[in-house]
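These are the residues of each chain, in order.
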Amino acid sequence: EPEVTQTPSHQVTQMGQEVILRCVPISNHLYFYWYRQILGQKVEFLVSFYNNEISEKSEIFDDQFSVERPDGSNFTLKIRSTKLEDSAMYFCASSQEGIVTDTQYFGPGTRLTVL
Amino acid sequence: AQSVTQPDIHITVSEGASLELRCNYSYGATPYLFWYVQSPGQGLQLLLKYFSGDTLVQGIKGFEAEFKRSQSSFNLRKPSVHWSDAAEYFCAGFSGGYNKLIFGAGTRLAVHP
Chain A
452 EPEVTQTPSH
462 QVTQMGQEVI
472 LRCVPISNHL
482 YFYWYRQILG
492 QKVEFLVSFY
502 NNEISEKSEI
512 FDDQFSVERP
522 DGSNFTLKIR
532 STKLEDSAMY
542 FCASSQEGIV
552 TDTQYFGPGT
562 RLTVL
Chain B
1283 AQSVTQPDIH
1293 ITVSEGASLE
1303 LRCNYSYGAT
1313 PYLFWYVQSP
1323 GQGLQLLLKY
1333 FSGDTLVQGI
1343 KGFEAEFKRS
1353 QSSFNLRKPS
1363 VHWSDAAEYF
1373 CAGFSGGYNK
1383 LIFGAGTRLA
1393 VHP
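Protein sequence lines, in the order shown, are assigned to chains A and B.
Numbering follows our numbering, in which position 73 of the first sequence is assigned residue number 524; successive positions increment by one, without gaps.
Numbering follows our numbering, in which position 61 of the second sequence is assigned residue number 1343; successive positions increment by one, without gaps.
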């Protein structure tokens, strides 16, 4: 069964450093998402992406964040200058269509630790 | 504001016992509701989803959920729990034309042998 993959599984970085989290969505999917879960809190939507553009973003997704589909398979989340509060589990998801009735398939997550 | 609430943070059941995990939603329009499960080291796996029609929906791994509009609930049930069901369970939903999921806080299920 096709699945969403994410690398690395765990990333440790120093405050102020840039990080790039990588995701490979399911190959025939067109819509891509990032969510995050701070320890002990809810999974929160960050951004959705379609046709090489952001289709929706949350208040969390400020200028420090960016997303990119650099090639036909990868989907990345970049945090320009990490803060302590960026420490969280980051989940990538993809769906074939962007409609509400379509299932979003999630990857296993990348745990980001900012020191 | 749209929200999804899972009142129980942790639940422990004995293997073979029945299970019910609670989920309440707050939406103005018809909600689209989901249950996901996360096992350690794994991604969020969809168990089942509700869009419309029958209020009892069947999912994978023997799970089912019942949508009750009068109670704003979408509780997940399983008649007989297996040790492999130990995981974290998330209720989620969205409404209208949005395709971003709103998650509950999750319920961690432990299963005693």
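Honestly, I wouldn't trust all of these hints.
[What the hints assert, rightly or not] In silico lysine-lysine, BS3-like type, Cα no more than 30 Å apart, as pairs:
(1) B:LYS1331 to A:LYS508
(2) B:LYS1382 to B:LYS1343
(3) B:LYS1382 to A:LYS493
(4) A:LYS534 to A:LYS508
(5) A:LYS529 to A:LYS493
(6) B:LYS1350 to A:LYS493
(7) B:LYS1382 to A:LYS534
(8) A:LYS493 to B:LYS1343
(9) A:LYS508 to A:LYS493
(10) A:LYS534 to A:LYS493
(11) A:LYS508 to A:LYS529
(12) B:LYS1350 to B:LYS1382
(13) B:LYS1350 to B:LYS1331
(14) A:LYS508 to B:LYS1343
(15) A:LYS529 to B:LYS1343
(16) B:LYS1350 to A:LYS529
(17) B:LYS1331 to B:LYS1343
(18) B:LYS1382 to B:LYS1331
No lab work stands behind these hints, which were simulated from the structure alone.
Bear in mind the structure is a predicted one, so any value in this text is a computation, not a measurement.
Here is how each hint holds up against the structure:
no., hint, verdict
1, B:LYS1331 to A:LYS508, "holds (24 Å)"
2, B:LYS1382 to B:LYS1343, "holds (25 Å)"
3, B:LYS1382 to A:LYS493, "holds (14 Å)"
4, A:LYS534 to A:LYS508, "holds (19 Å)"
5, A:LYS529 to A:LYS493, "holds (21 Å)"
6, B:LYS1350 to A:LYS493, "holds (23 Å)"
7, B:LYS1382 to A:LYS534, "holds (25 Å)"
8, A:LYS493 to B:LYS1343, "holds (24 Å)"
9, A:LYS508 to A:LYS493, "holds (17 Å)"
10, A:LYS534 to A:LYS493, "holds (19 Å)"
11, A:LYS508 to A:LYS529, "holds (14 Å)"
12, B:LYS1350 to B:LYS1382, "holds (23 Å)"
13, B:LYS1350 to B:LYS1331, "holds (14 Å)"
14, A:LYS508 to B:LYS1343, "violated (33 Å)"
15, A:LYS529 to B:LYS1343, "violated (36 Å)"
16, B:LYS1350 to A:LYS529, "violated (41 Å)"
17, B:LYS1331 to B:LYS1343, "holds (14 Å)"
18, B:LYS1382 to B:LYS1331, "holds (15 Å)"
In the structure shown, a violation is registered for the earlier hints numbered 14, 15 and 16, in ascending order.
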